[in-house]
Amino acid sequence: MGEENEAGDVASSADAAVTITGVTKRFGDVVAVDNVNLEIADGEFFAMLGPSGCGKTTTLRMIAGLEFPTEGSLKIFGDEVGTLPPNKRPVNTVFQNYALFPHMNVLDNVAFGLKMQGASKSEAASAASEMISLVQLGGMEKRKPSQLSGGQQQRVALARALVNKPKVLLLDEPLGALDLKLRQEMQTELKSLQRELGVSFVFVTHDQEEALTMSDRIAVMHEGKLLQVGSAEELYDRPVNRFVADFIGQTNLIDATVADADMIVLANGTKIMAPNPHLAGTKVAMSLRPESISIGASDDIPEEFQATSLQGEVSNVVYLGHSHVYTVEVDWMPLEVRTNATPTSQVYKPGSQVAIWWDRRSDWVVPDEGFSS
Amino acid sequence: MTTVLATPELEATNERQKRRRGFFLALPAYIYLSLFFALPLLIVVVYSFATRTRSGGTALEEWNLESYRKLGEPIVTDILLRSLTLAIITTVICLVLAYPFSYFLATRRELTRNIMLVFVMIPFWSNFLVRNYAWRVLLGNDGPVSQLTEGIGLGETTILFTPTAIVLGLVYGFLPFMILPMYAAIERMDWSLLEASRDLGASGFQTFRKVTFPLSLPGVIAGSILVFIPSLGAYVTPQILGGGKKTMLGSYIVTQFLTARNWPVGAAVSTVLMFVMLMATLIYFRKGGRTL
Ligand SMILES: Nc1ncnc2c1ncn2[C@@H]1O[C@H](COP(=O)(O)OP(=O)(O)O)[C@@H](O)[C@H]1O
Ligand SMILES: [Mg+2]
Chain U
1 MGEENEAGDV
11 ASSADAAVTI
21 TGVTKRFGDV
31 VAVDNVNLEI
41 ADGEFFAMLG
51 PSGCGKTTTL
61 RMIAGLEFPT
71 EGSLKIFGDE
81 VGTLPPNKRP
91 VNTVFQNYAL
101 FPHMNVLDNV
111 AFGLKMQGAS
121 KSEAASAASE
131 MISLVQLGGM
141 EKRKPSQLSG
151 GQQQRVALAR
161 ALVNKPKVLL
171 LDEPLGALDL
181 KLRQEMQTEL
191 KSLQRELGVS
201 FVFVTHDQEE
211 ALTMSDRIAV
221 MHEGKLLQVG
231 SAEELYDRPV
241 NRFVADFIGQ
251 TNLIDATVAD
261 ADMIVLANGT
271 KIMAPNPHLA
281 GTKVAMSLRP
291 ESISIGASDD
301 IPEEFQATSL
311 QGEVSNVVYL
321 GHSHVYTVEV
331 DWMPLEVRTN
341 ATPTSQVYKP
351 GSQVAIWWDR
361 RSDWVVPDEG
371 FSS
Chain R
374 MTTVLATPEL
384 EATNERQKRR
394 RGFFLALPAY
404 IYLSLFFALP
414 LLIVVVYSFA
424 TRTRSGGTAL
434 EEWNLESYRK
444 LGEPIVTDIL
454 LRSLTLAIIT
464 TVICLVLAYP
474 FSYFLATRRE
484 LTRNIMLVFV
494 MIPFWSNFLV
504 RNYAWRVLLG
514 NDGPVSQLTE
524 GIGLGETTIL
534 FTPTAIVLGL
544 VYGFLPFMIL
554 PMYAAIERMD
564 WSLLEASRDL
574 GASGFQTFRK
584 VTFPLSLPGV
594 IAGSILVFIP
604 SLGAYVTPQI
614 LGGGKKTMLG
624 SYIVTQFLTA
634 RNWPVGAAVS
644 TVLMFVMLMA
654 TLIYFRKGGR
664 TL
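Keeping their order, the protein sequence lines are chains U and R.
Residue numbers are given in the numbering used here: position 216 of the first sequence equals residue 216, and the series is strictly consecutive.
Residue numbers are given in the numbering used here: position 283 of the second sequence equals residue 656, and the series is strictly consecutive.
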């Protein structure tokens, strides 16, 4: 399975920021995190992505020391930290609800960590002020958290964590509570802040777009299991299974059976050219991105795409300015097709008989492991 | 068709009517409180400036501060000091007992919590006087406590009719008033703040000092005042468990009114006591009132 290929590579390299080996976390009968293997490099922007309840927060909390693994090993820069309390770890967290201390002003909130580590009052205050300016909150030092907007509270939480110079910064859906515009602004800011500081960020989100735009690498989780780790391109172009294919971006998932190493058979018997590593007879799904598909008149299929084409009827078309999104009914299911809209491009009305085709390198066969989505 | 616009006059009338309606609704309570609460209080204050006649009556003339001057005499200051000391000791003991208990309570499951809260309140279901007599039996010379200490070779327990017994009784009587607001404050606390504190490098003890305790402070203040005030003016417990020997303020006031027949002095002590409590209440509303 794909995840084991990934896991196999994890031979604890000493300079990894975080090394998670065979970690499982159970709460009573609930398996929140299920045998996860993961390595996060120093200085990388790493996202953990998955739907709600898949175990992202639990994984993050184990790195922070707020939860201890039931099984497995967890190392930070080579040191085993399994059951070390949070205050003994070189990591800091930006909590989902920010968790700012309501009885302290912004300055005291940010200076808290330094004071706890024994910095003098004035040292702590000056480092805190500096960090407050860095997150663009200069002048707000004396305010209480309740007197700040959501975005400002977010920045305080960030400053409060970063001022301690953690070796790894953990962020649990830090932008979840912000509105869209502010969210996009903060995405850019977080990313440049991370580059500037060179610290590893481990960023938890259930928003695939956010993960794709911000991260160097992404780990996709589902029901406590780590499904795949890779760059945005890897996940998008070469998902290891149905779930990842469906969760990252938009795709058409077409059920099929493997005929041989080059061919699969679709539900209506059509043979399609699709190189794959599976045994003949294996149930698979073919992932076909809407933007990889071309559309044209029924008898218009270019010669080289004959083996990767289907006939269908347009049932709906939506104009998005830069593109047309067609719903094309093939024999047994609707497919989404997205074409660039140019002044010269031909538009097919609902009811038109059309052919669709694609490059054989752009379909992707994934095992049908029953990860329905 | 005419259009009715909300003119400023109309709105002012509406506003006035709304206010008047509110006033009428509150009127019964106003009258009751004025007649049976404010007026008696006023009488007490007025009497504190009156003169005791030789026959033990009270002359409502020749207003003077004589009764207040008497409060400076050693007998009264002794009692005042004793009352303050016992009330403070009671409050501190309640605080020390209630904090860990409230913390424990607030961290239990919902069901456990509710069952334990019922246990905290069970004493209220029987009469305060009766419960004090029960303590008298418990602490008495051949009561269970004494028998126990004798049994294990510590000798007789003779704390009945001592200040210790009074404090025991007061703590017993008022502990729930400390627990409830404290529990409410701790229970309402955002526990992720404690995690944030640990995450930022604070030890468990530092977290308690810098985060947990400050956040529960409103409950601590509310509870302290709710225990301190009734302890200071307690009458039943000092009378029954203290045997009226070492009197507290409550007993002294009763004596002034009933035995010594010196109403002005009784009234003056009451007035001072009320003033102290008023101050405490003000602090409570400013610092801790929000938790209840
Ligand atoms: N303290 C806990 N006690 C019991 N179950 C928990 C606890 N924390 C998390 N879980 C369960 O573990 C699973 C994963 O939770 P979580 O890590 O919070 O998911 P995510 O952050 O991806 O939404 C969920 O099913 C959740 O209900
Ligand atoms: Mg979560």
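By construction, these hints were calculated from the structure, which means they are not laboratory data.
Among the hints, a few may not be true.
[Claimed, not checked] Each computed BS3-like pair below joins lysine-lysine, with the alpha-carbon atoms no more than 25 Å apart: (1) R/618 x U/144; (2) U/121 x R/618; (3) U/144 x U/167; (4) U/165 x U/121; (5) U/167 x U/191; (6) U/88 x R/618.
Quantities reported herein were computed from a predicted structural model and do not represent experimental measurements.
Starting from residue 121 of chain U, check that the Cα of residue 618 of chain R is at most 25 Å away, please.
-> violated, 54 Å
Are the Cα positions of residue 88 of chain U and residue 618 of chain R separated by 25 Å at most?
-> violated, 58 Å
Holds or violated: are the alpha carbons of residue 165 of chain U and residue 121 of chain U at most 25 Å from each other?
-> Given pair residue 165 of chain U, residue 121 of chain U holds - Cα atoms ~18 Å apart, limit 25 Å.
Taken at face value, is the distance from the CA of residue 191 of chain U to the CA of residue 167 of chain U at most 25 Å?
-> holds, 16 Å
Are the Cα atoms of residue 144 of chain U and residue 167 of chain U separated by 25 Å or less?
-> violated, 28 Å
Is the straight-line distance between the alpha-carbon of residue 618 of chain R and that of residue 144 of chain U 25 Å or less?
-> Status violated; Cα separation ~53 Å.
The structure fails to meet hints 1, 2, 3 and 6 from the earlier list, while all remaining hints are met.
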